[in-house]
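*Asks:* Single-letter residue listing:
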Amino acid sequence: GAVVSQHPSWVICKSGTSVKIECRSLDFQATTMFWYRQFPKQSLMLMATSNEGSKATYEQGVEKDKFLINHASLTLSTLTVTSAHPEDSSFYICSARGGSDTHSGANVLTFGAGSRLTVL
Amino acid sequence: SQQGEEDPQALSIQEGENATMNCSYKTSINNLQWYRQNSGRGLVHLILIRSNEREKHSGRLRVTLDTSKKSSSLLITASRAADTASYFCATETSGSRLTFGEGTQLTVNP
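Chains as they are written, first to last, in the working numbering: chain U, 2 to 121; chain F, -8 to 101.
Simulated from the structure, these hints should not be mistaken for lab results. Hints are all accurate, no fakes.
The calculated label-pair distances, taken between Cβ atoms and stated as ranges, are:
id: 1; chain 1: U; residue 1: K15; chain 2: F; residue 2: T58; range: 47 to 53 Å
id: 2; chain 1: U; residue 1: G54; chain 2: F; residue 2: L66; range: 40 to 46 Å
id: 3; chain 1: U; residue 1: A107; chain 2: F; residue 2: A72; range: 29 to 35 Å
From a predicted model like this one, the values you see are computed outputs, not experimental measurements. Beta carbons: idealized from backbone N, C-alpha and C, even for Gly.
Kindly generate the complete structure, drawing on both the sequences and the hints.
*Replies:* Structure below.
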C-alpha cells in the first residue's frame, strides 16, 4: 500500500534556529501534500496545502514566511520552520493522497508518522 | 476552522465491550472518514463513508452517516486492549481537503 515517510521523527532545536521536515511519498507520486499541526491532546489543524511546482496554499492564520513549504518533486515536500520559538513546539504531520479505502476503492489520504518538534 | 465535533472526548471500557463514538459536522460533505491515531504517531485510515451512503461495515467497525443531522457514529464491537487509541472523524469537501474533529480518546482495559 501507499506509504508516506516523514523525517525526522523528532527534533530538538534552540530558539531562533530553523528546522526542516521532509515528507516523502515512497511508492506513488503526489502532486499535492498536506501539512498539519497537532498540539497535545488536540485535533489536527491543516496548515497548508503543498502543490508540486507551485506555491503552497496556506490556511488563514498560518504565517507563510514562518512555515516555508517547498514541493520541488512529485515525491517530496518539505516544511521549514524558520526562526523557531518555543510556541512552535508541536507535532507536525504530512499527508498525501495515495492510499485507497478498502471497500469503496476511493482514494484516501495516507499520513506520515509525524515529526515532533521541541524548541528550547 | 475545525468543523467536526466528537463525543465523548474520552471513553474507557472493558475488553469485549462495544465502543461508540459520535461526530457532528456543519457543512455539506463529499464523504466522511474515520482515522485512528496511536499516541505520538501518525494517523491510520479506518473507513470512508460517502455522503450518499448510510452505513458501512469493515470487520469490527460499523460506521453510520446521517446527512440530515450532519452526524456520524463509529462503533467498534468486541473491543480489544489494542484498540486503545484516539479516533478522529474527518470530513472531506473539495480538493481532498480534510477537516478533522476533536477526537475521542478510547481506552480499552484488559
